[in-house]
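J.: Chain by chain, the residues run as shown.
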Amino acid sequence: MPSESVRATSAREIGFRIGDANSRPRKVKVIALDRKAAAMVTGLASKTWNGAAFFTATGLDAPAPQAGGFAMPGWLADLAGRARNIVDEVAGADVVVMIAMAGEDAGAASLIGEACSLRRVMTTALVIAGARTGDDALSASLALLRPWALMLVIAEDIDYIEDMLVALRA
Amino acid sequence: MLRQEHNELLTRTGPGTDAGKLFRSYWLPALLTEELPHDDCPPVRVKLLSERLVAFRDSGGRHGLIDEFCAHRGVSLWFGRNEECGLRCPYHGWKYDVTGQCIDVPSEPEESGFARTIKLKSYPLIERGGVLWAYMGPPQKQPALPEWEFATVPAERRFVSKRLQESNWLQAMEGGIDSSHVSWLHRGELDSDPLFRGARGNAYNLKDARPVFEVVESPGGLYIGARRGVENGHYYWRITPWVMPCFTMIPPRGDHSVHGHFWIPLDDENCMAWSFDYHPTRALSTAEIAAMRDGKCVHVRYVPGGFRPLANKDNDYLIDRAAQKAGRTFSGVSGIAMQDASLQESMGAIVDRTRENLVSTDNGIIMARHKLMRTIKAMVEKDVTPPGVDVAHQRVRSAALVLPPDVPYREGAREALSVRPGVAPASV
Ligand code: FES
Ligand SMILES: [Fe+2]
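From first to last, the protein sequence lines are chains F and P. Residues 128 to 297 in the working numbering are what the first sequence lists, from first letter to last. Residues 2 to 429 in the working numbering are what the second sequence lists, from first letter to last.
Next comes chain F alone, as it looks inside the complex (with noise of 0.2 Å):
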């Protein structure tokens, strides 16, 4: 007799796994930090996705409007440039990833960290650094990213997210 996981492995089994979907879809907001990261989500934003959402926070810094009450108000910009209030995004967010370029100003990223906490969803941040970014551009970055993104990837290049976006199936 075949072992339970000679049975269960074979080719032929394999035939008899469910196809059903085995996940809802998941809403990803992508956030650009800096201007030069807004740059480069916005030619990412106009492919298809399964209702990831782009924005920048790169007006994070300039007065806000009234927000409900709330202590810590912030402004995100979808890419058609109006102003969403960043609990509102985050609240409906299962995964935010910031992209932000190494040595341009993340400060953003503590606002949108807070208020990810706040609301216990998972955070990653990308950083682009290219081989010839300085230690300390990178340092700064890190300095304002890690105390705020659970996953931290530092890619040479622009062309990793959008693969990182079809695996988290955004």
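Just so you know, the hints here were simulated from the structure itself, not pulled from any lab data. Warning: the hint list may mix true and false statements.
Calculated pairs, DSSO-like style, for lysine-lysine (alpha carbon to alpha carbon, straight line, at most 30 Å) [said to hold, decoys possible]:
(1) F:174 - P:383
(2) P:122 - P:142
(3) P:208 - P:120
(4) P:378 - F:174
(5) P:120 - P:142
(6) F:174 - F:163
(7) P:208 - F:163
(8) P:326 - P:208
(9) P:22 - P:142
Starting from the known structure of chain F, arrange chain P with the ligands on it as the hints suggest.
T.: Then chain P with the ligands, alone, in the frame of chain F:
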């Protein structure tokens, strides 16, 4: 998830495939040196990248890796007579040298030169560090000999083993860079395995089962760092290097030897998990070697006479539900290697990656796939030499160390992650 066409691209390594071409750019571990222990010893069957071969060591000590089947009527040369500088087919006596050149066809007059018209496919096979390495790519692109540190230290500092894994290479390799499973599947081993226990870093691990990961591109592939907070706001880092296409190394613990792997495709549904242990600055002790032979840590015990693990599919990996219930093992399977292999084989020969639901902590795996795809594209379209061929990419180490909070580890651990002859590994 991974699109089906990408899954096909990365998992098929036979002749003519793109990932096969990638693997054919490197020296690959093919046999343990001890499998061909002396001149004129029995030949050994080898399967690599979906090609059936036979390896032998001739009367002059030269190693050959040639097409397994005799050019006359297709007999396996595993039955061959290894004698007088060649392997002779036992059926009608045709004889081949280590390059696959036929040197004798007894039925034909020698002067006819007929033997010279017959040649079996062959690949160079060289010895280094207790391993026989094969290169299966075009001769004009044959790279410099491998310089992985474990293969360059004196023999008494090293132990190498291999085991058959009945799954595609990629799901095995992905286990090697999937740091987030260690705190779960292998949690029992941290205290109990003689080749792990006692290190100060183990307490950091056990205190914090949810490390934060940081994945960084490196010239040869990737670093996957797992960080845990320790005293003074510092971070305890465990850094795993991955070098293309399939070299991984486990971060060290205390003064234990350091372990690592190659995941080599035999065919699309089987791979060889190569496991090495070495210490850069000291000989391994008799007790350590005995533990490794006994299947501890990354090694296994075997079904006698081969490289199939003793705990395997046929016996349901000797699963022990009482041990699982009692928490002695997390999955019920004992030993790190078979804990991994049993689960990876259970996925099916080639796992269907379109049904995965990857999460953020899988970014090491996502990035490795991304880099493999990018490398294959550049190699196929622009003839770019893949990372990992350059021996400088092979001079890497894993590391375990404590760093201040703002330091990028590719900077703070730069020395720790590179081979420094005569210097012990960075370890906690
Ligand atoms: S929890 Fe990871 S495969 Fe099931
Ligand atoms: Fe494992």
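J.: If you check each hint against the structure, which ones fail?
T.: Checked against the structure, the hints that fail are numbers 3, 7, while the rest are satisfied.
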